[in-house]
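Chains as they are written, first to last, in our numbering: chain W, 1 to 78; chain V, 1 to 387.
Hints listed in this document are in silico derivations from the structure and should not be mistaken for laboratory results.
Note that the structure is predicted; figures quoted are calculated from it, not measured.
Every residue gets a Cβ at the ideal spot worked out from N, C-alpha and C, and that includes glycine.
Warning: the hint list may mix true and false statements.
[Unchecked claim] 25 Å max Cα-Cα, derived SDA-like pairs, lysine to any residue: (1) W:K25 / V:N189; (2) W:K25 / V:S262; (3) V:K199 / V:K334.
[As the list claims (entries may be wrong)] Here are some chain W residues pointing at chain V (derived, C-beta under 7 Å): (4) K12; (5) C16; (6) M18; (7) A26; (8) T56; (9) G57; (10) L60; (11) L61.
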Amino acid sequence: MSTAIAVTLDLKGLSCPMPIVKTAKAVKGLAPGDVIEALATDPGSVPDFVAWCRATGNQLLEHDEHDGVYRFVIRKTG
Amino acid sequence: MPARVVVLGGGVGGTLAANLLSKELGRDAHVTVVDPIGMHVYQPGFLYVALGQANGRWLARDERTLLRRDVELAVERAERIDATEGTVQLARGGSLPFDYLVIATGARLVYDTVPGLREGSYEFYSLEGAQRLREALRGFRGGRILVGIAGIPYKCPPAPVEFVFMVEEYLRKRGLRDRSQITLLSPLNRAFTIESASKLIQPIMEERGIGLSTFFNVEAVDPSAGVVESLEGEKAEYDLLVLVPPHRGQSLIDASGLGDSSGWLPTDRATLQAGDHERIFALGDATDLPISKSGSTAHFEAPVVASRIASLVRGTAPKANYGGRVMCFLETGKGRATALRFDYEHPPTPPQPSRAWHLAKWLFNRLYWETVPQGRIPERINERSEP
């Protein structure tokens, strides 16, 4: 399965719950297996993305933080 | 010659900014408020109309009566802003030149982005919507009530939570509570975006038997089946659906080429300057700032805008900055409320719901007309009031 990123979402500067809602919308438009990268600056997005992936069954492949930017790489399942 | 200041929008922010500017600058400025209807609407009251606790008349006043005598009111629809020329084109023809412009045009509700929304759901974000919902609730005989939001950002973030608490009480008083289920649909895994507020709210929801459906981002409504669908692929059946419609900036902003893709104005978070236009400011719901869209935000922003424009008119360096301050009441039912006070740097630490905060909200609703538009609530009290 490819891990090439199909879409990058720039969610920097947005506050909760915008990053999750925009990601949910973007993931909806992807095909199963597609990978999306989301960049956010809201520290609260970390627990939100972890919980959202767990609840929806989408796979959080990796997440990290560089200079205040939180990066999430998510694979759409099912 | 006095500086020409044009304020677009006669809501909380526009009215207060105009009054403060006129008070501060006197004859050094000629302030004109342009508003398409010339009526000032107190939107927090819609919630009470929907629940049959207030009538529509209490919620609107002639904007003229709220403005200082020397502020001009033009009941006109502004069609386009020419930022370079420094003019506002009016829909009826003609244009209004300005030296300084305050854009306080608010948000509008858009229904068409969510299929089935208009036919399948009720809302309390407009007077007509609140009156329709009131009738629907009067005719309600029990069943499933779902409450949620159909788009973000939206005005007054605590309103859906307040609504579930208040409708729970309403149904109890009417003897329908046993035959009804109330569920809040949340885009996150908690009842409210702000974590500290969720921690306070969720136990009360549980205690009152109000359900919470998490990560439910509304995608579509099927009115014939009575089903609402989420982006996450879930479906929920309802008998009465209450959804906050998606919001957008005004078409005037789009037509002027000043807004982002949703019609919000890119605004400096501290100076409230719109884009890179030194003489144009934005406040309230019209901005793209990542803070609550609410009257309270506009209320705290207006003095900053007024002070900065006054400094520019006088040729001194503007000093006032907006720190992101917002203050929201949150009704929790049973005659109690809490309050969320926060800014860019400090998340809120809401107090336990009490009668005192409920009374404070009640009092604020009643005193609004005589205090807020005129700038009669002292800064000090705004900042640290404990009822």
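Hints, verified against the model:
1. Of the supplied pair hints, the one linking K25 (chain W) and N189 (chain V) holds, its CA atoms being roughly 16 Å apart against a limit of 25 Å.
2. Restraint check for K25 (chain W) and S262 (chain V): satisfied, since their Cα atoms lie roughly 15 Å apart, inside the 25 Å limit.
3. As the CA atoms of K199 (chain V) and K334 (chain V) are separated by approximately 19 Å, the hinted pair is consistent with the 25 Å bound.
4. Interface hint at K12 (chain W): violated, since its Cβ lies 10 Å from the closest Cβ of chain V, which is beyond the 7 Å cut-off.
5. A distance limit of 7 Å between C-beta atoms decides the matter here; for C16 (chain W) the minimum to chain V is near 5 Å, and the interface restraint holds.
6. At a threshold of 7 Å, the smallest CB-CB gap from M18 (chain W) to chain V is about 6 Å, leaving the interface hint in force.
7. Evaluation of the A26 (chain W) hint against chain V yields a violated restraint, the C-beta minimum of about 10 Å exceeding 7 Å.
8. Against a cut-off of 7 Å between C-beta atoms, the interface hint on T56 (chain W) holds, since the closest Cβ of chain V lies about 5 Å away.
9. For G57 (chain W), the interface hint is violated, the least distance from its beta-carbon to any beta-carbon of chain V being 9 Å, above 7 Å.
10. The interface hint given for L60 (chain W) is violated, since its Cβ lies 14 Å from the closest Cβ of chain V, which is over the 7 Å cut-off.
11. Interface hint at L61 (chain W): violated, since its Cβ lies 19 Å from the closest Cβ of chain V, which is beyond the 7 Å cut-off.
The structure is inconsistent with the numbered hints 4, 7, 9, 10, 11, although it conforms to all the rest.
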